[in-house]
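Participant: If you want the building blocks of each chain, they are given just below.
Protein chains: 2
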Amino acid sequence: MTEPSILQAVATATRLREGPEGVAAILRAVYRAGSLRLQDAAREARLPMPVASAIRRELEKAGLLERKQGLSLSPEGRDFVERDLGLGSKIDLACPTCAGHGIVIPDKFRPLVERLAAIVAQAPSVDVTLDQAPCTPDTAMRRALLMLQNGALEGRRVLLLGDDDSVSLAIGLLGQAQGGRDLTRGVTVVDADERRLAFLRHSAEQGGIALQTVLHDLRQPLPEALKRGFDVFETDPPYTLDGARLFLTRGCEALAAGGQCLFSFAQWPAPQMLQLQQVFCDLGLAVQTMRPGFNHYAGATVLGNVGQLIELIAVNPSGAELPTWDGPLYTAQVNPRLRAYQCAQCGAEIVLGRDGAPDTVEALKAKGCASCGGTVFRRQSQKP
Amino acid sequence: MTEPSILQAVATATRLREGPEGVAAILRAVYRAGSLRLQDAAREARLPMPVASAIRRELEKAGLLERKQGLSLSPEGRDFVERDLGLGSKIDLACPTCAGHGIVIPDKFRPLVERLAAIVAQAPSVDVTLDQAPCTPDTAMRRALLMLQNGALEGRRVLLLGDDDSVSLAIGLLGQAQGGRDLTRGVTVVDADERRLAFLRHSAEQGGIALQTVLHDLRQPLPEALKRGFDVFETDPPYTLDGARLFLTRGCEALAAGGQCLFSFAQWPAPQMLQLQQVFCDLGLAVQTMRPGFNHYAGATVLGNVGQLIELIAVNPSGAELPTWDGPLYTAQVNPRLRAYQCAQCGAEIVLGRDGAPDTVEALKAKGCASCGGTVFRRQSQKP
Chain P
0 MTEPSILQAV
10 ATATRLREGP
20 EGVAAILRAV
30 YRAGSLRLQD
40 AAREARLPMP
50 VASAIRRELE
60 KAGLLERKQG
70 LSLSPEGRDF
80 VERDLGLGSK
90 IDLACPTCAG
100 HGIVIPDKFR
110 PLVERLAAIV
120 AQAPSVDVTL
130 DQAPCTPDTA
140 MRRALLMLQN
150 GALEGRRVLL
160 LGDDDSVSLA
170 IGLLGQAQGG
180 RDLTRGVTVV
190 DADERRLAFL
200 RHSAEQGGIA
210 LQTVLHDLRQ
220 PLPEALKRGF
230 DVFETDPPYT
240 LDGARLFLTR
250 GCEALAAGGQ
260 CLFSFAQWPA
270 PQMLQLQQVF
280 CDLGLAVQTM
290 RPGFNHYAGA
300 TVLGNVGQLI
310 ELIAVNPSGA
320 ELPTWDGPLY
330 TAQVNPRLRA
340 YQCAQCGAEI
350 VLGRDGAPDT
360 VEALKAKGCA
370 SCGGTVFRRQ
380 SQKP
Chain V
0 MTEPSILQAV
10 ATATRLREGP
20 EGVAAILRAV
30 YRAGSLRLQD
40 AAREARLPMP
50 VASAIRRELE
60 KAGLLERKQG
70 LSLSPEGRDF
80 VERDLGLGSK
90 IDLACPTCAG
100 HGIVIPDKFR
110 PLVERLAAIV
120 AQAPSVDVTL
130 DQAPCTPDTA
140 MRRALLMLQN
150 GALEGRRVLL
160 LGDDDSVSLA
170 IGLLGQAQGG
180 RDLTRGVTVV
190 DADERRLAFL
200 RHSAEQGGIA
210 LQTVLHDLRQ
220 PLPEALKRGF
230 DVFETDPPYT
240 LDGARLFLTR
250 GCEALAAGGQ
260 CLFSFAQWPA
270 PQMLQLQQVF
280 CDLGLAVQTM
290 RPGFNHYAGA
300 TVLGNVGQLI
310 ELIAVNPSGA
320 ELPTWDGPLY
330 TAQVNPRLRA
340 YQCAQCGAEI
350 VLGRDGAPDT
360 VEALKAKGCA
370 SCGGTVFRRQ
380 SQKP
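Line by line, the protein sequences give chains P and V. The opening position of the first sequence corresponds to residue 0 in numbering that gives the first Met the number 0, with each subsequent residue numbered one higher. The opening position of the second sequence corresponds to residue 0 in numbering that gives the first Met the number 0, with each subsequent residue numbered one higher.
No lab work stands behind these hints: they were computed from the structure. Treat the hints loosely; a few may be bogus.
Stated by the list, open to error - Distance condition first, Cα-Cα at most 27 Å in a straight line; then the derived BS3-like pairs of lysine-lysine:
# : chain 1 : residue 1 : chain 2 : residue 2
1 : V       : Lys89     : V       : Lys67
2 : V       : Lys89     : P       : Lys107
3 : P       : Lys89     : V       : Lys107
4 : P       : Lys107    : P       : Lys60
Chain P with its partners taken away, still in its complex shape (with noise of 0.2 Å):
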């Protein structure tokens, strides 16, 4: 790369696994939008918002952002990404009515989508251990969608691993609207939650959507009674590698001969990635379409709120087979360290999960501070 040493000193500095790069990516899209939310920021430059916090402080140090509402560039700041990063351009051209997405919700399904808000409003609430973060009724209806215009539906036996997106919901009311007919040859839910299930199960008979429910734990093998008897799945798995291959795994093992999967994720750096990507290969599975951005989701914030989409067709779905699993999954027992308290009374603090502290911070505040009682926690950044 060109990019002087600031950003690799800014990348060093934030431990940063995109590297400079991410750094040149914060520094374009504030020069683009002319002053932007660190939100929107993130979203721009594929960074968890904790990371382009981080990369907004150092670039304050250094003087090239302005200390305000927003991201701002100082004037110093505007000579280095003109003069020494090259940048002059400050038109969007990723398409304005999908937004790059590819696939777009026709005005006469907008009904829907605010359907779907309405029951989703009455849905249990999330339990983050299990890594539920659910997408906007917007996003999914627009996985529905996609897999409507990709052949994913209709005609097809369609299992869903994990369902905190509705998902089937979506499917179920896409259908009604398309000749009142249900699209597929059926669409299974399995859940680890049997709240969610229940959540699903009671919206969709108020719907008078078809819909079937499995309770079951996917660190264990599919029951034999789902195995290869599906044309499609989707699932949106918990983020770590691990997550993402038992998930892949139990899929393949659902899939009746080829098939294929639609399969939600976040936006890793390159390396991790490529790390994912081998995952795919060892398993069989084709990449079809990669979007980037085409999830958002209400809830997850320390991600930027969006995530990208992955279309993959299982070329050799028998091989793929996995016994019991029972190592770290959930990004909770996988990364720890992004989960530190601290109590507003005492100063004492928590680590999630360690030493007896409970697992959330919304059991930790029920249960209370254990050196003082107290019941206010501050978030501590990010502990090595």
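Here the structure of chain P is known, so what remains is to put chain V in place on it, guided by the hints.
Facilitator: Then chain V, alone, in the frame of chain P:
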């Protein structure tokens, strides 16, 4: 898959690498469109023209398609598609503004496409033995715009490995329209065809575009002067696995540290795509986006006139090195069975590149039939 055995039977009769899914894709395209040209059905189903044509014949034999000018379903075909395949939707959900490509050409840049079209109309004739098959000026400009959008042009040292697509000229014209400046820190074109390089140099000089050319056969390692000297490379290599691996390896040799790659390629069946993706992994190239149908070609009818564009990030570029390559590389070398002709006068059968026959049909016409001297030849269907 739940599809009945007729799909399997057609897939077997046409030796279809996509299997029954490929036959279903043709039927879905015809059903959604009502009736359409073979060429458009091939494009929709992402199948090469000869393959789509063979499927059509089998579906006609089976009574599902009718013999008409375009492809259309017989009443039996419509029954089959609706009842046995479960299709019912005729709605097209691909973005109407960008056709799902994600990048649009703004109105103000339309004249650039016309200027580029006028320039490439003067280009030398295509050398099919080098797998030359220029993309449309529209596609060349969209590639340049995608590079601008994704930070692969401004302030970057850009290498084009082969440029029968005239992307170098599109980049130059775009820079002129964007403030009359060279967007990049230099564009270098490496090509094995001196006619093509002379055309690019001449056009660049006429248009006031900055451009370096290097005559070099990529079967040889990159010249030392080009190694580790670029931030970005762009290529549309020979459509063979070895061609892809070779061009990607040379591109990685050229990258300074990290860096980006725009890789255009045929839309292969999933089993072959899986092999290609293993090549990406082996070379340390992480896929960032895959855009089916992004590239349009004027001449490559056999590929349905469209191809995919893949954006890659080089994670470990220094690891990639390849000595001189002396194996088969171009399509004509790897798949000579595709290129059989019959003399219209005496009926003699000629396989290009074998038994002393020329490598191209153009050369064959110039030389005349070895048996009778005739100069009219009919293309034969594929040989095993």
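Participant: The structure should be examined with respect to each hint, and the outcome stated for every one.
Facilitator: Going through the hints against the structure:
| no. | hint | verdict |
| --- | --- | --- |
| 1 | V:Lys89 to V:Lys67 | 21 Å, holds |
| 2 | V:Lys89 to P:Lys107 | 14 Å, holds |
| 3 | P:Lys89 to V:Lys107 | 14 Å, holds |
| 4 | P:Lys107 to P:Lys60 | 50 Å, violated |
Hint violations for this structure: number 4 only, all remaining hints satisfied.
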